[in-house]
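Colleague: Following the hints, put chain B in place on chain A, whose structure we already have.
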Amino acid sequence: DTGVSQNPRHKITKRGQNVTFRCDPISEHNRLYWYRQTLGQGPEFLTYFQNEAQLEKSRLLSDRFSAERPKGSFSTLEIQRTEQGDSAMYLCASSLNFGSETQYFGPGTRLLVL
Amino acid sequence: DAKTTQPTSMDCAEGRAANLPCNHSTISGNEYVYWYRQIHSQGPQYIIHGLKNNETNEMASLIITEDRKSSTLILPHATLRDTAVYYCIVRGQIIQGAQKLVFGQGTRLTINP
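Chains A and B supply the protein sequences, listed in that same order.
Per my numbering, the first sequence starts with residue 1, numbered consecutively.
Per my numbering, the second sequence starts with residue 1, numbered consecutively.
There could be a bad hint or two in this list.
Each pair of labels, with its calculated beta carbon distance range [to be verified]:
no., chain 1, residue 1, chain 2, residue 2, range
1, A, Leu96, B, Lys3, 24 to 34 Å
2, A, Ser100, B, Gln105, 18 to 28 Å
3, B, Thr65, A, Phe74, 17 to 27 Å
4, B, Gly15, A, Lys71, 43 to 53 Å
5, B, Asp11, A, Asn97, 38 to 48 Å
Not everything, but these chain A residues come out facing chain B in the computed CB check (under 7 Å) [as the list claims (entries may be wrong)]:
no., residue
6, Gly42
7, Phe45
8, Phe98
9, Phe105
10, Gly106
11, Gly108
Calculated directly from the structure, the hints in this document are not laboratory data.
Built from N, CA and C at the ideal position, the CB exists for glycine as well.
Only chain B is shown next, with the shape it has when bound in the complex:
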C-alpha cells in the first residue's frame, strides 16, 4: 500500500471549514483513499473513502486531485466535537484475502471556540 504524508497538527475555528490535506504520491490506480478519525480514548471512526471521484457524505467531503497524488478531507462546519486525530490511509482493492489498514501518525486537529 502507498505511504501517506499528513501534517502533524492543525487548528481550525469552530464553525469554519476544516481542510485536512494528505499526500499519497505513490498511489496506484486500484488503491482507495480512506479517512478515519480517532477521538481521545475511543476506537477509530470511519469517515469516508474514495477511489477517483470526489465523495461526500453526512460527515465530510473528500476531494481527490486528478492525478490522485493527494487528497483533502473537508469538514464543512467544524464543531468542538470534531477535535480528534485524523488518519489518511491508502488501501488496495480486495483481490485475495483482506487488506489490513496501515495507520500513520495522522493529523491532530484541534477545533478552537
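Looking at chain A on its own, in the form it has when it is part of the complex:
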C-alpha cells in the first residue's frame, strides 16, 4: 500500500500525559498537512510542512502541540499535558508540489483522553 499511513490508529491516554503520533506520507510528496476532527464536525487544519519546513500553523495549535518533519519525509505530532478536549481524530494528508496538488489523507489516529 503506497498511501498515507498513520500510527497508532488508536490511542487512549490519561489527562496530563504526553502523546506522539506519526504520519508517513506518500513517497515523494513534499507537502504534509495535519488536521483535527472532532465528533460530528469536518476536519480542521492544524499545520502544514513543505519538505522539513513548517510553514503555517493554525491558531488551533496551542503551545502544547508541536509538529516536526525532520528529514522531509515522515512527520510527528506531539501533544504535551493532554486535556480531555484534545480527544479527536488526528488526520494527516500529503500532496505533491505539482499540478493541482490534490491532498490525500491517511486513516487517522483516534485519541481519547480520559
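Modeller: Quick look at chain B alone, frame taken from chain A:
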C-alpha cells in the same frame, strides 16, 4: 476560499444515480471545486475535482454550471459502500505556499437497499 453550501443529508436507492448538489456562489475564477468523502471512522477519501469543465473518473462525475456558482457530484450506480459524508470544498490555486482544505458539515448520503 469561497464558502460552500450542501444539504445536510440525502437518501438514494442502491443501483440508482446519487446526485449531490453544492452551492458556491462566491467562487472566484481561479478556485477549484473538490469533492471528498468520509466513510465512518476513516480518513477523507479524494473523489474528484474540477475548475471549469465537467470531469469524470472511475468513481464519479462532476458537473459544474457555466457560471461556476454550483456543482453536482454524480455517483452513477450507488452501492451500499457509497454511504458516507460527502464534502464539497472550494480551494484556490497554489500560488505561494499551500492551501489548506476548509471542510464544512458535508452531506450525509445514505444508500438504501
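Colleague: Each hint should be assessed against the structure and marked as holding or not.
Modeller: Evaluation of the provided hints:
1. Here the CB-CB span from Leu96(A) to Lys3(B) is close to 27 Å, well matched to the stated 24 to 34 Å.
2. Between Ser100(A) and Gln105(B) the CB atoms are about 24 Å apart, so this pair conforms to the stated range of 18 to 28 Å.
3. Restraint check, Thr65(B) to Phe74(A): a C-beta distance of roughly 41 Å breaks the suggested window 17 to 27 Å.
4. Judged by the Cβ atoms, the range 43 to 53 Å given for Gly15(B) and Lys71(A) holds: they are separated by roughly 48 Å.
5. The hinted window of 38 to 48 Å between Asp11(B) and Asn97(A) holds, with their beta carbons roughly 40 Å apart.
6. Interface restraint check: Gly42(A) against chain B, minimum CB-CB distance 3 Å, threshold 7 Å, status holds.
7. A hinted interface residue such as Phe45(A) counts as satisfied when its beta carbon comes closer than 7 Å to some beta carbon of chain B; here the least separation is about 4 Å, so the hint holds.
8. Taken as an interface hint, Phe98(A) does not check out: its beta carbon lies about 9 Å from the nearest beta carbon of chain B, beyond 7 Å.
9. Checking Phe105(A) against chain B: minimum C-beta separation of about 4 Å stays under 7 Å; hint holds.
10. A hinted interface residue such as Gly106(A) counts as satisfied when its beta carbon comes closer than 7 Å to some beta carbon of chain B; here the least separation is about 5 Å, so the hint holds.
11. About 5 Å separates the beta-carbon of Gly108(A) from the nearest beta-carbon of chain B, less than 7 Å, and the hint is met.
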